[in-house]
Amino acid sequence: MRFVVGMVIKAVLDRLGVRGGRALPAAVYAPAPATPARAREGRAAPSVRRRPLLLFMFAMLGIGMLLMLLFEHWVTRVVGVATLFAFIVSGVFLIADPAFLAAGDDGED
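Numbering (my numbering), first residue to last: 144 to 252.
Please keep in mind that the hints were generated in silico from the structure rather than gathered at the bench.
Beta carbons are placed, not taken as given, at the ideal position from N, Cα and C, and that holds for glycine.
A hint or two may mislead.
With beta-carbon atoms standing in for the labels, derived distance ranges [claimed, not checked]:
#1 A239 <-> F146: 26 to 36 Å
#2 V222 <-> P195: 31 to 41 Å
#3 V218 <-> V147: 41 to 51 Å
#4 L156 <-> M211: 31 to 41 Å
#5 L212 <-> D157: 37 to 47 Å
#6 M211 <-> F243: 38 to 48 Å
Working from the sequences, and respecting the hints, build out all of it.
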């Protein structure tokens, strides 16, 4: 309980700009200026084609869930776990794409 209260207090104090009992200058919370390299690069090109990987991800989820829920043999359980692992890994590759991550940096503080 103390941990949760401490995290809430820390979040409120960070939002107010107070650390260690004194206010920090506004420059500490100012967003970093765009570097010349980043301004030159523009948007990153996607490293993977998203649509086929998205279809693969959902196919692995469907196959894995069917195998895990409908059958009880050890072979189907092993294949089901492998397909669910493939679902997780393909989802990570979709999210960790530099083009996808760079799109979120444009409008944030």
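Each hint tested on the structure:
For the pair A239 and F146, the supplied restraint of 26 to 36 Å holds, since their beta-carbon distance comes to about 29 Å. For the pair V222 and P195, the supplied restraint of 31 to 41 Å is violated, since their beta-carbon distance comes to about 22 Å. One distance hint, 41 to 51 Å for the beta-carbon pair V218 and V147, holds here, with the actual separation near 44 Å. Judged by the Cβ atoms, the range 31 to 41 Å given for L156 and M211 is violated: they are separated by roughly 46 Å.
The beta-carbon spacing between L212 and D157, approximately 44 Å, falls within the hinted interval of 37 to 47 Å. Separation of M211 from F243 is about 29 Å and departs from the stated range, judged on CB atoms against 38 to 48 Å.
Hints 2, 4, 6, counting from the list given before, are not met by this structure.
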